[in-house]
Amino acid sequence: MSRTRTPVVAGWFIGDGDGFRLLGTRCSACASVFFPREDAHCRNPACPGGDLKEVPLSRRGRVWSYTDSRYRPPSPYVTDPELPWEPYTLIAVELAAEGLVVLGQAVPGVTVGDLAVGMEVEVVPGVLHEDAETVWTTWQWRPTRGR
Amino acid sequence: MTEDVAVLGVGLHPWGKRGRSFVEYGAAAARAALADAELDWRDIRSIVGADTVRGGYPGYVAGATFAKALGWQGARVTSVYAACASGAQAIGAARAQILAGLAETVLVVGADAAPKGFFRPAGGDRPDDPDWLRFRVLGATNPTYFGLYARRRMALHGDTPEDFAQVKVKNSAMGALNPHARYRKRVTAQEVAASAVVADPLRLLDICATSDGGAALVLSSMEFARRHCVAEPVRIRAVSTVTPRYPNTVLDLPDIATDSAVAAEPAAEPFRASIATAAYEEAGIGPEDLSLAEVYDLSTALELQWYEDLGLCAEGEGAKLLREGATSPGGRIPVNASGGLASFGEAVPAQAIAQVCELTWQLRGFAGERQIADARVGVSANQGLFGHGSAVIAVR
Ligand SMILES: [Zn+2]
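As they're listed, the protein sequences go chains A and B. The first sequence begins at 1 in our numbering and counts up by one. The second sequence begins at 1 in our numbering and counts up by one.
Chain B extracted, bound-state conformation (with noise of 0.2 Å):
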């Protein structure tokens, strides 16, 4: 086990689509988790951005661009990428410097402004680009791989779109409590099964949005902490950062086609169950322990998956934890509570960092009305393209 970083601060700017600058989404939050630490900007010694590829170059050195709009004060500067993972790695980054002593105080900033539609590859032919064959070739959208997850699952475990629908009819629960998302209204499962095919089996109310949108944290060590007389801080007890281990047999954004376990056995446990196990060996705990996850909901039933990575309950088994109501709110483990992916939409580098935000918030006892009782100990956890993915747990 490593030592724990307190999280003094916590900031969002809310989610939407408003056509502004990343820059400004990201200094919002920024301000708004250094007040939330009663720190003053000039006071924090390093800053890590978690960059966006679609701000041009002051999306490529975020930490730098966030530094700038706050105004220069000589702070240490990190920019970090990651796909998905960006933000969490960011976290990362920033918790390395606090235990290693080069930073008692750091922010960590990460906002994005979506274009409309679907993601798509930087411009220009880059055949040896994995991210542009596949739209060159076949035309894969981020939708239709969740499709394909979706069909697997319920070829599999016998999952239904009607199971799907109702991690939206949860999700939008919470999220119509929760006034930093971007859709705050209940959906019920017959508006889902209204909604349009987008790719088989999912609808375009099983699969999230893009967004802008900002989130900050202001970390520090334990000790600086105390010092700043905050007795019993969140703490972040686990940053799990790890890569797949060969061969990955799972189709993983944004690849056409798998490695062959030909010649090498697969690990037990795949990419995403693995981010999970080395989040829980790190922070020495299991799953039993924890009070509530936020997880990435790209889509409905990516979700039931995540239930079962995160080791929720067996394989197979996600979509029966999610009837049972383990996952709402009241239940044994309750699913995000922000209102996930569903209502916030992606904001891809601010999105992991928004669910520590709510980890923060849960575990101070200061969700409001969709505070989960006596929040102890949460989890985040996302994946991302490239081999990407994270897991975050935090404490109280």
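Bound-form chain A, shown alone (with noise of 0.2 Å):
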């Protein structure tokens, strides 16, 4: 039987293998742009208020900073009590375009030492965790080194 894969969050990221991108929203009147999107209304107090527009967040940033969780996080977090905790980094990434920052989890395997600031990294999709009868899937940073 073949298990759903659903977004751990509906309308964040889109797309898949290299067509993968988080989604965002543009105000039509000062550009500025929301991650996680804003629906309703800009949150520039400077703009008068545009239309939001879904739209695809740039593929590549620079680490703006990382680190790890070491110690398994608290519920929502969904982990499995029986395994033994496995750290994951997080990596908080400059997105030069959108001139935001964005978190997210490393892909598997990535540690802290393998990181810098400033380091480029390109958005993958991931899978945060399985059950049986979904795949949630998410986004992660990965380095572009060496590719």
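Don't read these hints as lab results, they were simulated from the structure. Predicted, not measured: the structure shown is a model, and the values here were computed from it. Hints should not be assumed to be uniformly reliable.
As the list claims (entries may be wrong) - SDA-like mimics (lysine to any residue), calculated; alpha carbons at most 20 Å apart, straight line:
1. B/116 to A/81
2. B/185 to B/364
3. B/116 to A/75
4. B/116 to A/113
5. B/116 to A/119
Claimed, not checked - Residues on chain B that point at chain A, a partial pick, calculated with CB under 10 Å:
6. 124
7. 141
8. 144
9. 146
10. 250
What the hints assert, rightly or not - Which bits of chain A does chain B cover? Going by a derived footprint, with three or more residues having C-beta under 8 Å, they are:
11. 22 to 34
12. 39 to 51
13. 68 to 76
14. 97 to 107
15. 113 to 119
16. 123 to 131
For every residue, glycine included, the Cβ atom is placed at its ideal position computed from N, Cα and C.
The task is to assemble the complex, starting from two chains supplied on their own in separate frames and drawing on the hints.
Right, here's the structure in full:
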């Protein structure tokens, strides 16, 4: 039986492989970009408020900072308490064209020792966790070096 | 400049992990503050409670909860919530009532009973709550944000894990002298380095614990203080509770992304620095006038960040200021003479009030073994989730 692939949050990302992108919204009046998406009203106080249109964010950015999670995070993060905890890396990435920083998990296997502030990374599709019926999908950051 | 309000009484319930109700801690702190002020609770005309989200309904209506615990006596009641800045907003609300002439004396109380381990969001599925989302989608605990900030400082300013450890060494030495602190043991740099990594590059002893605790203040008008025969009370001269300015380009808790700077130029001053600036402007003083500072050292690295945001040194020079000993007792501007969050752990709604209690003891010259000589002007500073922060300036 094949399980459904479901985004952990609806409307935050789209596509597969090289076509994978984070989705934000852009204000038609002031060009501000919002991630997570803002669909009701532009939050720039100097802006009269324009239409908010969905836009894919840049695929590549540079590491603003990084850390890791050596201890099991509490719920609602989903983990299997039966299994030993495997630390994962978190990367905050600066997207130049959008002028913002987006936090995400690194692809499995990337440790803090592999990273440096300023390094180029790209967004790729990843799996957050799986249960009997569902594969919960998310975005992850992967260093581009050597690719 | 606004008028001063007087600090007539201060009180703390010792920090720790005791498994009792936050109401008990808050009421004990309140009674201590009333005794310190030599005032009867029945003569207090207003009470302001700093809420906790961990005590069920009574936590959301903390002002009334404490008023009931002390015995209903008809006082005006206010309850405020502003994450880690809740205590400072409670002070701000009390001060506004006094300056507006609505109350001559106000009791301010905050207390918390913290769970074991990481702070976690409230239960249930709430995909529109950023605090729920950061745990659900990223597992991003508070320490992981502190780790991001610490690593960024290392990359930008050349701070080292050894610098961070020295903050803990300094603060634990002061905490050892503070009877209200939870951790009263001096910690060495070797002990910090030997503790487990929680969120690289930060280790267990770099990160503040969550604690139980209660803090209270009795504030009054200057006119009431004179009538009450307190000639030279410690005075609160500024309470800053400003919000960030769009676009906020620092990744603040609990956000998954910053604002976009593509359409609007970021303010010259980042959020934390703007909190301090607003307090300095309100008090009509500058960082050069300070005798001491109590800052929110949620992590050791964050204390260094506060040095810069308070203008105690230039950007990037926090570690240098620490290494020179300027922020140690006897230095130019001692920071966290109380022992800081490193020695207390965080009891969220009580913490910003406890900071002002410490400033008051220092400014009165009653801080015992941890007394900073000739303290005249003190500042407290903190930052919390959802765009909250505070700075309070107290003088004598
Ligand atoms: Zn706009």
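Hint check:
| no. | hint | verdict |
| --- | --- | --- |
| 1 | B/116 to A/81 | holds, 17 Å |
| 2 | B/185 to B/364 | violated, 26 Å |
| 3 | B/116 to A/75 | holds, 14 Å |
| 4 | B/116 to A/113 | violated, 30 Å |
| 5 | B/116 to A/119 | violated, 37 Å |
| 6 | 124 | holds, 9 Å |
| 7 | 141 | holds, 5 Å |
| 8 | 144 | holds, 5 Å |
| 9 | 146 | holds, 8 Å |
| 10 | 250 | holds, 8 Å |
| 11 | 22 to 34 | holds (count 6) |
| 12 | 39 to 51 | holds (count 5) |
| 13 | 68 to 76 | holds (count 8) |
| 14 | 97 to 107 | holds (count 9) |
| 15 | 113 to 119 | holds (count 3) |
| 16 | 123 to 131 | violated (count 1) |
Checked against the numbered hints listed earlier, the structure breaks hints 2, 4, 5 and 16; every other hint is satisfied.
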